[in-house]
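There are 2 protein chains.
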Amino acid sequence: MTDDKSRRDAAEHLALALTQSGMQRMAARVLAAFLFTDEPSLTAGDVAKQLDASAGSLSGAIKLLDALGMVERVPVPSSRSEHFRMRAEPWADLYSKQNTVIDLILQSTDRGIAAVDDGPARQRLEHMRDFYTFMLSEIPALLERFEARRAK
Amino acid sequence: MTDDKSRRDAAEHLALALTQSGMQRMAARVLAAFLFTDEPSLTAGDVAKQLDASAGSLSGAIKLLDALGMVERVPVPSSRSEHFRMRAEPWADLYSKQNTVIDLILQSTDRGIAAVDDGPARQRLEHMRDFYTFMLSEIPALLERFEARRAK
DNA sequence: GCGAAGTTTCGGAATTTTCTGAAGACTATC
DNA sequence: GATAGTCTTCAGAAAATTCCGAAACTTCGC
Numbered sequence: 000m001t002d003d004k005s006r007r008d009a010a011e012h013l014a015l016a017l018t019q020s021g022m023q024r025m026a027a028r029v030l031a032a033f034l035f036t037d038e039p040s041l042t043a044g045d046v047a048k049q050l051d052a053s054a055g056s057l058s059g060a061i062k063l064l065d066a067l068g069m070v071e072r073v074p075v076p077s078s079r080s081e082h083f084r085m086r087a088e089p090w091a092d093l094y095s096k097q098n099t100v101i102d103l104i105l106q107s108t109d110r111g112i113a114a115v116d117d118g119p120a121r122q123r124l125e126h127m128r129d130f131y132t133f134m135l136s137e138i139p140a141l142l143e144r145f146e147a148r149r150a151k
Numbered sequence: 000m001t002d003d004k005s006r007r008d009a010a011e012h013l014a015l016a017l018t019q020s021g022m023q024r025m026a027a028r029v030l031a032a033f034l035f036t037d038e039p040s041l042t043a044g045d046v047a048k049q050l051d052a053s054a055g056s057l058s059g060a061i062k063l064l065d066a067l068g069m070v071e072r073v074p075v076p077s078s079r080s081e082h083f084r085m086r087a088e089p090w091a092d093l094y095s096k097q098n099t100v101i102d103l104i105l106q107s108t109d110r111g112i113a114a115v116d117d118g119p120a121r122q123r124l125e126h127m128r129d130f131y132t133f134m135l136s137e138i139p140a141l142l143e144r145f146e147a148r149r150a151k
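So the protein sequences, as listed, match chains A and B.
Quick note on numbering that gives the first Met the number 0: the first sequence kicks off at 0 and runs consecutively.
Quick note on numbering that gives the first Met the number 0: the second sequence kicks off at 0 and runs consecutively.
Rather than coming from a laboratory, the hints here were simulated on the basis of the structure.
C-beta atoms are modelled at their ideal positions from N, C-alpha and C, and glycine is treated no differently.
Each hint should be verified, as a subset may be incorrect.
According to the in silico footprint, chain A covers these stretches of chain B (three or more CB under 8 Å from chain A) [what the hints assert, rightly or not]: (1) 13–21; (2) 81–95; (3) 112–121.
With the hints as extra help, turn the sequences into a complete structure.
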C-alpha cells in the first residue's frame with residue numbers, strides 16, 4: 000500500500016509537534032510512521048526507506064521507542080527481519096514515564112529541604128515538594144479514569 | 000546572608016534534575032538560585048556573581064523564567080537595578096504551560112485524522128486524540144484540587 | 001545634558017546532541 | 001556450516017544548542 004502525500008505530510012507534521020514536546024527528532028518521525036500506517040507491521044528497513052534515513056538511525060530510534068513501550072516486536076516466523084508495530088494503548092504508559100523525571104526532581108527537592116534551615120527558601124522548597132508529590136499521587140487515578148471511560 | 004556549601008550543592012543538584020526534565024541548563028541554575036535564597040529579592044548581577052556566569056546568560060535565562068511565570072520583577076524604588084524573586088505559586092502555572100504543547104500535538108493529530116480514510120491508522124490516531132483531549136480537560140480540575148487541599 | 005551603573009542584543013566559539021556510513025554480529029535457510 | 005539478508009555498534013561528521021564577551025542602549029543621579 001502506498002502512502003499518499005497528504006498522509007505523509009500529516010505524519011511529518013505530527014513528528015514535528017512531538018519533537019517540540021521533547022522527543023528526539025528521528026524517534027518522532029519513526030513513531031509517526033508507525034502511527035500512520037495501515038500495515039499490520041513494519042520492519043526497520045521499511046521505515047528506513049520510507050523516511051530516507053540510515054539503518055543506524057532506525058536502530059537507535061526503534062530501540063528508544065521500544066524502551067518507552069511505544070512499539071513492540073511482532074513475531075513473524077517466516078521472515079528474516081524483525082517486525083514492529085505500535086502497542087495498542089501506549090499513551091497512558093508514555094505519560095506515566097514522566098513519573099521517573101518527577102521522582103528525580105522530588106529527590107533533589109528533599110535534599111534541598113534537608114540542607115536549609117527554616118526560612119523563605121525552606122517554605123518554597125516544601126511547597127514545591129508538596130506540589131510534585133500531589134501530582135505523582137494523582138496521575139495514576141487520572142489514567143485509570145481515562146481507561147474506564149474508554150471501556151464504556 | 001551567605002549560602003553555605005551544602006545549600007549550593009543541593010541547588011546545583013536540583014538544577015541538574017530540572018535540566019533533565021527539559022529545562023535549559025542556565026535557566027535551571029538561575030531558578031535554583033531563586034529557590035534557595037532567603038533574600039527577599041535578587042538582581043541579575045547577584046545571580047551572575049553567585050553562579051559565575053556572564054551578564055548575557057543571565058539576561059536570557061531570566062527572560063525565559065519571566066516568560067514562564069517562574070520569577071517576577073520586584074519594584075525597588077531606590078535601586079538602579081531590576082530586582083527579581085520567585086512567584087509565590089508558580090508550579091501549577093508551569094504545569095499548565097504544557098497544555099500549549101499538548102494543543103500542538105492535538106492539532107497535528109486532527110490533521111492526520113482528516114488525511115486518512117478509516118482503517119487501523121485512523122483508529123490509532125483517534126485513540127491518541129481521545130487521550131490527549133482527556134488529559135487537557137482534566138488537568139485544570141487537578142490543579143484546582145491541589146489548590147483546595149493546600150488552602151486548608 | 002553628562003557620567004555611571006545596569007541591562008539587553010548580537011556574533012562567534014565551544015559543547016552537546018544527532019545522523020550517517022562502514023564494519024562486525026546475528027539468524028534463518030539451504 | 002556456508003551464505004545471504006538484516007540488525008547493531010561505533011567512530012566521525014554534521015547540525016543545533018548554549019554560553020560568553022563586547023558593544024549598544026537605557027535609566028538614574030548629579
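Exercise for the section: If any of the earlier hints don't hold here, list their numbers in rising order. Expected result: Going through the list in order, the structure violates no hint and respects every one.
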